[in-house]
Structure formats: C-alpha cells, structure tokens
Amino acid sequence: MKKKLGWLSLILVFMLAVTACSGNSGGNNTGGGNKEAGSADPSGSKEEPYEVVYAYPAFSNVPADIQEVQEAINKISVDKINVKVKLLPISNSAFTNQINLMLSSGEKLDMFAMLSTYSNQVAKGALYPIGNIMEANAQGTIDALGVDYYNATKVGGVSYGVPSLRDLAQDFGIVVRKDIVDKNNINLDDVKTFDDFELVFKAVKENEPGMAGATNLTNGSILSTYGIQDPLGNNLGVLLNHGLDDVKVVNLFASEEYKQIVTKIREWYLAGYLVKDAATSPELNNVMVKSGKAASWLSAMKPGFETQESRNVGVEMTAARTQKPVAMTDTVTNVAIGVAATSEKPEKALQFLNLMYTDKDIVNLIDWGIEGKHYVKVQGADNVIKYPDGVTGDNVGYKSDGWMHGNQFLSYVFEGDDPEVYVKMNEFNQSAAKSKALGFTFNGDSVKAEIAACNAVLDQYRRAIESGVLELDKALPEFLKKLDDAGINTIITEKQKQLDEWAAGNASK
Amino acid sequence: MKQLSLKQGSKKLKYAPLYLLMIPGIVYLLINNYFPMLGIFIAFKNINFTKGIFGSEWIGFQNFKYLFQTSDAYIITRNTILYNAVFIVLGTLFAIAFAILLNEIKKKVLSRFYQSVIVLPHLISFVVVGYLAYAGLSLETGFMNKTVLPLLGIDPISWYTEPKYWPFILTIIHLWKSIGFSCIIFLASIISIDTEYYEAATLDGASKWAQIRSITIPLITPVIVMLTLLGIGRIFYSDFGLFYQVPMNAGFISDTTSVIDTYVYKGLMVSGDMGMASAAGVYQSIVGFILVLGANLLVRRFSKDNALF
Numbered sequence: 001m002k003k004k005l006g007w008l009s010l011i012l013v014f015m016l017a018v019t020a021c022s023g024n025s026g027g028n029n030t031g032g033g034n035k036e037a038g039s040a041d042p043s044g045s046k047e048e049p050y051e052v053v054y055a056y057p058a059f060s061n062v063p064a065d066i067q068e069v070q071e072a073i074n075k076i077s078v079d080k081i082n083v084k085v086k087l088l089p090i091s092n093s094a095f096t097n098q099i100n101l102m103l104s105s106g107e108k109l110d111m112f113a114m115l116s117t118y119s120n121q122v123a124k125g126a127l128y129p130i131g132n133i134m135e136a137n138a139q140g141t142i143d144a145l146g147v148d149y150y151n152a153t154k155v156g157g158v159s160y161g162v163p164s165l166r167d168l169a170q171d172f173g174i175v176v177r178k179d180i181v182d183k184n185n186i187n188l189d190d191v192k193t194f195d196d197f198e199l200v201f202k203a204v205k206e207n208e209p210g211m212a213g214a215t216n217l218t219n220g221s222i223l224s225t226y227g228i229q230d231p232l233g234n235n236l237g238v239l240l241n242h243g244l245d246d247v248k249v250v251n252l253f254a255s256e257e258y259k260q261i262v263t264k265i266r267e268w269y270l271a272g273y274l275v276k277d278a279a280t281s282p283e284l285n286n287v288m289v290k291s292g293k294a295a296s297w298l299s300a301m302k303p304g305f306e307t308q309e310s311r312n313v314g315v316e317m318t319a320a321r322t323q324k325p326v327a328m329t330d331t332v333t334n335v336a337i338g339v340a341a342t343s344e345k346p347e348k349a350l351q352f353l354n355l356m357y358t359d360k361d362i363v364n365l366i367d368w369g370i371e372g373k374h375y376v377k378v379q380g381a382d383n384v385i386k387y388p389d390g391v392t393g394d395n396v397g398y399k400s401d402g403w404m405h406g407n408q409f410l411s412y413v414f415e416g417d418d419p420e421v422y423v424k425m426n427e428f429n430q431s432a433a434k435s436k437a438l439g440f441t442f443n444g445d446s447v448k449a450e451i452a453a454c455n456a457v458l459d460q461y462r463r464a465i466e467s468g469v470l471e472l473d474k475a476l477p478e479f480l481k482k483l484d485d486a487g488i489n490t491i492i493t494e495k496q497k498q499l500d501e502w503a504a505g506n507a508s509k
Numbered sequence: 510m511k512q513l514s515l516k517q518g519s520k521k522l523k524y525a526p527l528y529l530l531m532i533p534g535i536v537y538l539l540i541n542n543y544f545p546m547l548g549i550f551i552a553f554k555n556i557n558f559t560k561g562i563f564g565s566e567w568i569g570f571q572n573f574k575y576l577f578q579t580s581d582a583y584i585i586t587r588n589t590i591l592y593n594a595v596f597i598v599l600g601t602l603f604a605i606a607f608a609i610l611l612n613e614i615k616k617k618v619l620s621r622f623y624q625s626v627i628v629l630p631h632l633i634s635f636v637v638v639g640y641l642a643y644a645g646l647s648l649e650t651g652f653m654n655k656t657v658l659p660l661l662g663i664d665p666i667s668w669y670t671e672p673k674y675w676p677f678i679l680t681i682i683h684l685w686k687s688i689g690f691s692c693i694i695f696l697a698s699i700i701s702i703d704t705e706y707y708e709a710a711t712l713d714g715a716s717k718w719a720q721i722r723s724i725t726i727p728l729i730t731p732v733i734v735m736l737t738l739l740g741i742g743r744i745f746y747s748d749f750g751l752f753y754q755v756p757m758n759a760g761f762i763s764d765t766t767s768v769i770d771t772y773v774y775k776g777l778m779v780s781g782d783m784g785m786a787s788a789a790g791v792y793q794s795i796v797g798f799i800l801v802l803g804a805n806l807l808v809r810r811f812s813k814d815n816a817l818f
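Chains as they are written, first to last, in the working numbering: chain S, 1 to 509; chain Y, 510 to 818.
Keep in mind the hints are simulated off the structure, nothing from the lab. If you're wondering where the values come from, they're calculated on a predicted model, not measured in any experiment. By construction, the Cβ of each residue, glycine as well, lies at the ideal position given by its N, Cα and C atoms. Accuracy of the hints is not assured; some may be wrong.
[Unchecked claim] Straight-line Cα separation of at most 35 Å, DSBU-like style, residue types lysine-lysine; simulated pairs:
| no. | chain 1 | residue 1 | chain 2 | residue 2 |
| --- | --- | --- | --- | --- |
| 1 | S | Lys436 | Y | Lys775 |
| 2 | Y | Lys655 | S | Lys293 |
| 3 | Y | Lys686 | S | Lys259 |
| 4 | S | Lys482 | Y | Lys775 |
| 5 | Y | Lys574 | S | Lys248 |
| 6 | S | Lys154 | Y | Lys574 |
| 7 | S | Lys248 | S | Lys424 |
| 8 | S | Lys474 | Y | Lys813 |
[Stated by the list, open to error] Not everything, but these chain Y residues come out facing chain S in the computed CB check (under 10 Å):
| no. | residue |
| --- | --- |
| 9 | Gly561 |
| 10 | Leu648 |
| 11 | Gln720 |
| 12 | Pro731 |
The whole structure should be built from the sequences, with the hints applied where relevant.
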C-alpha cells in the first residue's frame, strides 16, 4: 500500500509539473494580449483595427526598439486606414522555411517580403492575387512604381506582389580600390568591355605584389553577378544580351558568348590575376579587398554603388561600367512584397502596403526608426540624416534594410551618401533599356524535376568554371553534357512556349 | 488452472504502476515519432498553399522523379551507402580498439584524461570542423600546402577541386570526430564484464591478447551487433554536417562528397518545394527500413540471441 502511494504521488508530481508549464505559457499569452489591448486605437467608436503581420528577412539581430517603432507606425496607420502592423523580422537564412511553415500551419501572416523567390512563391500558391484588388486599395503604389514596372510583376495577367521601389534595373562592371587605381595610373575610362578588365588586373599584378587583381564574390565565383543574359527566372534557358535583341530562349552555358567569358577568366587565372581559392573560399569579398589581398571584384551595379561598397569595405572604391543599365523581370521582382494567400483581410494588408509606398513618415519609421532617438537630421538639409550623438551603427536601437520596405525613394539619405541618390536612381530606372521579356515570369511547375536536377549540376560546376580553376577543354563539355542529361532542353522548350504565348498576348493587347 | 490465472491477474496489478509510468514515454513516442508519419502523404502531393496541404492535388510519384533524373541518383546513393559502410566498419573497429586500450590503463587519472581528449572532437561543431579542415587544406594559406607538402617536396595540391582525395579526408575526419563518443559505449560494456573471468584466465596463463579475443570481444558482441544494426538502419542517412560543412560546399568535388541529404538540401534550397523534399525523405526511410529488416534477418540466421527482434 505504501509503495502504491509512492507511485501515485510520483504521477501526481508529473501532472502538476505539466499543468504548471502550460499554466505558465498561458499566463504569458494573456499578458501579451493585455498589452496590445492597452495600446488599441483611441477613437473607440471605430471597429477594432485589423492587425497586419508583416514578415521580412533580417540580416542582423532583431532590433531592440522594434516595439517602439511599431507603436509609432501604428499611431499613424490606425488614424489613416484603421490598421495596425506587427513587424516580424526573420533571419534571412531561415526565412523561406519559416514562411512555408507559417503558411502551411495557418499561423497569422498577412504580408511578406521576398528576395528572389517571387516566381517560386507564385507557383506554390503562397501569394494572394493582389492585382484584382490593387486599383481599389493601392492605386498610389501603382502610381509610384509606374505602369511598366508594375506590369512586370504580372503572372498570367495578374500581379501577385509589388517590387520595392529601389534600383529596378542593373548595369554591370568592376569595382576597384581607388588608391590602387590612382597610384598605378589606371585609366578606368579605357575599361569598356569585359576583356578590358585585364588592364586593371595587369597593372595590379605588375605593381602590387601579394595582391590579386580580382576576388570572387562571397560564396560566388569570379564572374559573380556580372552577366550578359536575361536569366528569365533561373538561368536555365536565357535571353542573350539581356533580352534586348529577341525572345529566343537559349542555353546560356552552351553559348559562344559564355564560352568567351569563361575562357578569358581561365586565361586570367593562369596568368595569376585572380584569387586562387575563388571556387571555394568562404572569405567575404569586402574583407579580401580591405586586407589588400585583392584589388577588385566584378558585379552588377546601380547608381551609388561605389559609395555603398566604400562603406562596406572601409576603403574608398571606384567603379568602371561596361554595360548599359537594363531592366529585366528578375531585376524588378528580386525584391518584392506580397500578400499571403492565407491573409484574413488582404485588402487591409494592401492598404498598409500602400502606405509603405506613399507615406513618407511610415517609410522613414520602417527604414530608420524614430527621429531624435535612432537618427537626427543633419543641419541645413531636410532629407539627410545621421546617428544622434553617442549612437553608432553598432549600438543603434533600430536598424532595417530600406531597399526592402516599399518606396525607398521617400526615405531619408544617410550622411555620406549622395543626397541626390534617389533622384538619380529614379532617372536610372526610367532611362534603363528594357528586356523584351520584361514582365514575363516563367512558371516552372511542369518541369520542376528537371529544374531541381539542373540546379544540382549548376551547383557542381558553375562556380569552379566561372572562377577559372578548371581546364575548360574537359570541364565545359562535361558540364554541358550533364545539363543535357538533367533535362535543360525540356526546360528551354517549355520556357520558349510560355514566352511565345506571353509575347502573343502582349501583342494582341 | 484457476490459480494460474489469478496469479497472472495479480501480476498485472503488480506491474500496473510501471505501465502507468510508461504512459508519458509512449505519448511522447506517439506524438514525436508516430504521428508525423501520417505526413508521408505530402510526398505524393503538389503542395499549393492557396489550396492548403489537404486540398492540394495528388500527383503520384512525380515528386520522386527528380531523384532519378540523372546519373546523380546513382552517385549519391553509392556515396551514401559506401561512406556509411566504411564508417560503420572502421568506426566500430577503432572504437572497440580504443575502448580496450582505455580499459587497460589502470591509472584512473590518466584514463580519464585520455578519454576526455578522445571525446573532445565530438563536442566541436561541424561548422568549426569545416574551417579547421579549410585551415589545413586551403590552396593559398593551408597548412598542408604551405608546410607539409613542401617538406616532402610535393607540389601544392588544389584539394577542393580534386574529387579523388575526398573519400580519405572525409573518413579521417569522421573517425577523428566520432570515435571518442562510440568508444564510451563500448568502454561501459567492457567495464561491466565480471573481473573474475580475467582472473581465471590469468591463472590459466592466458596472454592479454588471448583474454581480449576470448573474453572481452565475445562478451560485448551483443552491444557490437546492436550498434551495427542501428548503424545499418541509418545507412541511408548521412551525417549532414560532415558532408555539407567540411567540403565547404565546393561543387566540383561533389562526385565524391555528395550524399542524399546534401543533394536534396542543395537542390531544394533554390525551389523550397515541400513535396519533393518529402519524397526524398520517404525514399530514405523506406530503404533504411528495408535495410534494418534485412540486416536483422541475417543476424538472426547466424546467432538468434543477438538479433534485435
């Protein structure tokens, strides 16, 4: 009997422990709820404001003052459209997975930002077709973007998301340390084509012992984001010359142009112009350049790219551009915001999204935080800001990536950047050449097995080939053969078919 | 007869508290291990979030297609099985050897010290291990290319673009990292062997080697068999950290470093397709399940006592 009592008491202890745990979390929940209720809208008579949960990828820790910023935003948005927002930064590496989970588990999610995953999310049905209710709720957004760029987001005639307003086109070239350029009298005006990069590399090789001409992009190749193609979503089947000439889908890697580029890179590699470890090195490109191990890297660019990279590297950089700016579907949609398919009130989410494109106060709250606390205006300039005294980039209570959140052109310019940078960027966007396939989004659903297989092949060969470490006579044919086996031609055929249909639909309009 | 059943009844009663105690464990197993198995159906669906998981269409075996699209299916399956087979054989051998050696060290302090040293690598994250390996193998700054190879008069080797070296590199790193931990399990079972056996053997004049061969090994055979069986059951699951972090994601050596887990991870990182990822999981589980059953069947053939079930 005594023994039995012992068992029973043990079980009781277990049960108590379990209920104690659940009781605890319950308490926390109600605590949170109360807090929210406390800050609810003051007008009282209106219906309860709808809360829009906005998730976006974050590249650093969750800012300490995010709650405060959120409340400041809510004060404005409740007044204007009776909507509150909940900012939900999610670490970028976990972002796509987390969004998948939130969507499939039915967790509340209204709006999220996408980095290069727009067409995938559309195909997976993760996004609400906002195009249908766009005019009614967010006409301001369409106006801010301009019809051309807004149309670039349409998939099958309906838009599922809008790009953030930033650089919507790209040009391409090389960024070099300015002191190296000046010291060795390199005339960057002479660098007009891809092959001309050699001028820089050669000068570095001859005059700067221990420094390579170019490094690879972090986790990328020497070629990095430099390109000659309109990737049409995934680089498997592309338009050459950024789609400015025709709409013939070809295999980039089998093209003569690609071969010329990688042959040149191989030459440079053998001549000792490039970082030897480029195909595997985990070093950051800015660290490589700062530490004097390399002088430059190739990249896709935008206005103000030099200042941005100077700040990243910590050494003044300058750039030479070898291609004119061009806008492609990928450059437009690679940072986009969409409304989740599971959103309870998509129109409310859209109205808030509209504020992110039209309301200067909201944009600056999301991008920079609260004035006086997280930034102050520089005297004598009304759109240039800096950190308050005693605050630095390391200890500021709120940080965010302005290029992601709606209309960056409405945000303040940080001290050190060209005060006119957004004006220039706008001109850049408007003047950029447009790919003939701008607005076409490939739906890879019917060939997704081939895409997965081809991606595995790209993963195996591309970085090594584009870094010059492989003997091309052997590696390139091997690479192409594997791509063929993986079914790249099936993808190209399907892509061409969809592109033709899209083009025909456009012509008839 | 009646008495017997009564006895059984009282037995049941007697063990009732124990059964009760089992409940939390079983509930945990159900929730954590059995309930998720229902999710197997995701592998046969084309997941569309607008329609929801249950509303998405059934597409049969299409999600499995990409696994067998290229010769990659063969390469990754081969790599997975061969690496794991080598790991099981060498890992067990080395672990037993180390356990026996440790057991022979009679000084407590020294024995503890060695044991800690051997276990230490097990505690290092694979991300760190990857960089340690990189410090050794980097083309421009690596220890091998800067110090060891010049001493031997060999030209620098570009390790991360030469697939042929990687089976050895990965095996060595795996052994270095895992032996300490598995050797503890063997050591525990060796320590539990009654010392009288050894005393008797010593009296009979048996050498150390003979003692190990005829006493230690036979007595820990059940543990060896069990660990091997468990290993075989997981032969289709590779150590993701080892195969992903240590080769530094260098694509070109993937012919010898790519295993099912890393292949699937890399392929689906881009598309993030739940259906296809689940398909790979199902493929792994089913083959793993068949292998456990098969291995157990074999063991039962040769020694019934040692079989798991």
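Okay, the hints, checked on the actual structure:
1. S/Lys436 to Y/Lys775: It holds: about 31 Å lies between the C-alpha atoms, which stays within 35 Å.
2. Y/Lys655 to S/Lys293: 17 Å, holds
3. Y/Lys686 to S/Lys259: Roughly 43 Å separates the two Cα atoms, so the pair is violated.
4. S/Lys482 to Y/Lys775: Given that 35 Å is the threshold and the Cα spacing comes to 17 Å, the pair holds.
5. Y/Lys574 to S/Lys248: Holds, at roughly 28 Å.
6. S/Lys154 to Y/Lys574: 30 Å, holds
7. S/Lys248 to S/Lys424: OK: lysine 248 of chain S and lysine 424 of chain S at ~33 Å, within 35 Å.
8. S/Lys474 to Y/Lys813: Not OK: lysine 474 of chain S and lysine 813 of chain Y at ~54 Å, beyond 35 Å, violated.
9. Gly561: Given a least distance of 8 Å, the restraint on glycine 561 of chain Y holds.
10. Leu648: Holds. Min distance 5 Å.
11. Gln720: 44 Å, violated
12. Pro731: Hint violated; proline 731 of chain Y Cβ to chain S Cβ min 31 Å, cut 10 Å.
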